[in-house]
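A.B. asks: Residues per chain, in single letters:
There are 2 protein chains.
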Amino acid sequence: MDLKDRDGLTEREFLEQYRAGDFERPSVAADMVIFTVTDAQADSYRKLPEKELRMLLIRRGGHPFLGKWALPGGFVRPNETTEQAAARELREETGLDDVYLEQLYTFSDIGRDPRTWVMSCSYMALINSDQFQLKAGDDAAEAAWFKVTYRLLRERKELLEEGGYVKTLEYELKLSAEEEELTAVVARTVTARPTSAGTAYAIVANDGLAFDHAKIIACAIERLRGKVNYTDIALHLMPQLFTLTELQQVYEVILDRELLKAAFRRKVADLVTETDHYTENAGHRPSRLYRRNLEGYR
Amino acid sequence: MDLKDRDGLTEREFLEQYRAGDFERPSVAADMVIFTVTDAQADSYRKLPEKELRMLLIRRGGHPFLGKWALPGGFVRPNETTEQAAARELREETGLDDVYLEQLYTFSDIGRDPRTWVMSCSYMALINSDQFQLKAGDDAAEAAWFKVTYRLLRERKELLEEGGYVKTLEYELKLSAEEEELTAVVARTVTARPTSAGTAYAIVANDGLAFDHAKIIACAIERLRGKVNYTDIALHLMPQLFTLTELQQVYEVILDRELLKAAFRRKVADLVTETDHYTENAGHRPSRLYRRNLEGYR
DNA sequence: TTAATAGTGTCTCTTAGACAGTATTGC
DNA sequence: GCAATACTGTCTAAGAGACACTATTAA
Numbered sequence: 001m002d003l004k005d006r007d008g009l010t011e012r013e014f015l016e017q018y019r020a021g022d023f024e025r026p027s028v029a030a031d032m033v034i035f036t037v038t039d040a041q042a043d044s045y046r047k048l049p050e051k052e053l054r055m056l057l058i059r060r061g062g063h064p065f066l067g068k069w070a071l072p073g074g075f076v077r078p079n080e081t082t083e084q085a086a087a088r089e090l091r092e093e094t095g096l097d098d099v100y101l102e103q104l105y106t107f108s109d110i111g112r113d114p115r116t117w118v119m120s121c122s123y124m125a126l127i128n129s130d131q132f133q134l135k136a137g138d139d140a141a142e143a144a145w146f147k148v149t150y151r152l153l154r155e156r157k158e159l160l161e162e163g164g165y166v167k168t169l170e171y172e173l174k175l176s177a178e179e180e181e182l183t184a185v186v187a188r189t190v191t192a193r194p195t196s197a198g199t200a201y202a203i204v205a206n207d208g209l210a211f212d213h214a215k216i217i218a219c220a221i222e223r224l225r226g227k228v229n230y231t232d233i234a235l236h237l238m239p240q241l242f243t244l245t246e247l248q249q250v251y252e253v254i255l256d257r258e259l260l261k262a263a264f265r266r267k268v269a270d271l272v273t274e275t276d277h278y279t280e281n282a283g284h285r286p287s288r289l290y291r292r293n294l295e296g297y298r
Numbered sequence: 001m002d003l004k005d006r007d008g009l010t011e012r013e014f015l016e017q018y019r020a021g022d023f024e025r026p027s028v029a030a031d032m033v034i035f036t037v038t039d040a041q042a043d044s045y046r047k048l049p050e051k052e053l054r055m056l057l058i059r060r061g062g063h064p065f066l067g068k069w070a071l072p073g074g075f076v077r078p079n080e081t082t083e084q085a086a087a088r089e090l091r092e093e094t095g096l097d098d099v100y101l102e103q104l105y106t107f108s109d110i111g112r113d114p115r116t117w118v119m120s121c122s123y124m125a126l127i128n129s130d131q132f133q134l135k136a137g138d139d140a141a142e143a144a145w146f147k148v149t150y151r152l153l154r155e156r157k158e159l160l161e162e163g164g165y166v167k168t169l170e171y172e173l174k175l176s177a178e179e180e181e182l183t184a185v186v187a188r189t190v191t192a193r194p195t196s197a198g199t200a201y202a203i204v205a206n207d208g209l210a211f212d213h214a215k216i217i218a219c220a221i222e223r224l225r226g227k228v229n230y231t232d233i234a235l236h237l238m239p240q241l242f243t244l245t246e247l248q249q250v251y252e253v254i255l256d257r258e259l260l261k262a263a264f265r266r267k268v269a270d271l272v273t274e275t276d277h278y279t280e281n282a283g284h285r286p287s288r289l290y291r292r293n294l295e296g297y298r
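Chains A and B supply the protein sequences, listed in that same order.
Going by full-length UniProt numbering, the first sequence opens with residue 1, and the numbers climb by one from there.
Going by full-length UniProt numbering, the second sequence opens with residue 1, and the numbers climb by one from there.
Calculated from the structure, these hints are not laboratory results.
Fair warning: there could be bad hints in the mix.
Keeping only pairs whose Cα atoms sit at most 27 Å apart, straight-line, the calculated DSS-like set for lysine-lysine is [said to hold, decoys possible]:
#1 B:4 x A:227
#2 A:147 x A:174
#3 B:4 x A:68
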């Protein structure tokens, strides 16, 4: 087809003469929440080590937010998708190439970067403990894996005159590495009005995190918690071989609550395949090792 | 705190001297999938009218994709968030201000806009039939509400040598307005590999839709279908007063399958409040009218 | 009276929660 | 034997699916 527009141009002619207007454009960054799971120090030779959910952060070496901790990320370059930018950043920061990657949300609050107009298209990556090496931060920047806790602090509900309500959920986000202890409070506000409705995040308190990264982290944890229940997403955090108790520990550390063993095993039965291998030299009965069942989830 | 960076500048000094580099930046558009539900023509005075899921599209009046149909949307302006841009576009296209609005996904494939580098941050809006008037398209552009169907065409699963599989789900998207009939086939590819995993959309066939909007629409329908089952999202498509049968019809048209009455009523019981009003002059037993229960969902 | 929808009762099957009981190892 | 974890069996409660039955209106 050779449709012509008002100026009598075909599409090819139009594109040849097209010049991008000099409207102001935003920079777009891909920022990543990279999760992994590690073992805490075991108390006794008999006890199993506890699992910890950890996240990679990088200490800023320049303004703005000099000295604060930020998510790994960087600007999306021309001829690159946001996914590719995220994968590239991940490779640069961790050397890893082949991981679970999922887009989270695009944050565009004005002033979220004090330098200039920057939107953040955020991603979540899951790394299993086989791939995991603490060699993060090959470049000059200081990097560390922070232990994550995210817990409901308070809940408030206000009724509106016109009908509907505003519910505010305040979560405390705690991130701790060797020397560092970061704390933030993120409020999730759910507005329900007769016609409209919506959810918004706000940072209530923030000690040590750069930009609006506390929001992005909150968003990632909530996505992870949600998906754990109805997908096999948690298996991306597991090594090749693992016990069902380890898998349960990972679920528990993500959800921040204890689960019942029997029910848990029924639930994940289809997500794993048993092997003929067993753990050895634990101070107790050996445990069968499982593999991820790639056919499992639907 | 007055931390100084390598150049001996404080944060304030840094920001004062900061000039945005002239790296190439993308344009960012907010594109919207605006859903509503309408009544089809009833066959007889006795029969209830069927519900139809509809979506607003705008015929392009210029290159590229001249004459094709596109989602309402536009570029995000400086000092505006993507949410605000979406809300502004919605107001411009429909005159509506107070609606359910939710961010979907950010699409950034290179070449998705043949003119220049454009990312699309997509949103879904739900409009109830009270607010709905077919006055869309006050400006010069031609606009129409298209009836939506989205149905699984075929499913393919290929096992990989390294372990894992690639599953391809092909959906047929049909959009129809008075004279117009648009058809596209969108493939959702789920890749499951031992370490990585991911989902991607691709357009397999496309007749009449501009840009990659078939993907965005597919994404919106899948989000809507998913959320219908575990939130009260469908109630944003309902007028102030409605019958439970109407609500069920809306669920059915979204999910594209029939539901059982008794089970449905149990499920939505907490999402609605009964009123003392009844339908009148239907050719059969009157039906109790309900309101949305704003306390209902969690 | 009739053609339609409105609305309820109840049986079954599946799943999640709870808990108790048995099994097996290293030291 | 002991201190742990490994693993299974079973009761119960809640929910989804299926279906049948009764109720009520306008024409």
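A.B. asks: Would you mind marking each hint as holding or not holding in the structure?
C.D. replies: Status of the hints after comparison with the structure:
A hinted pair counts as satisfied when its Cα atoms are at most 27 Å apart, and residue 4 (chain B) with residue 227 (chain A) does not qualify at roughly 42 Å. This hinted pair checks out: residue 147 (chain A) and residue 174 (chain A) have alpha carbons roughly 8 Å apart, not beyond 27 Å. Distance hint between residue 4 (chain B) and residue 68 (chain A) is fulfilled; the C-alpha atoms sit about 13 Å from each other, no more than 27 Å.
Consistency with the previously given hints fails for number 1 only.
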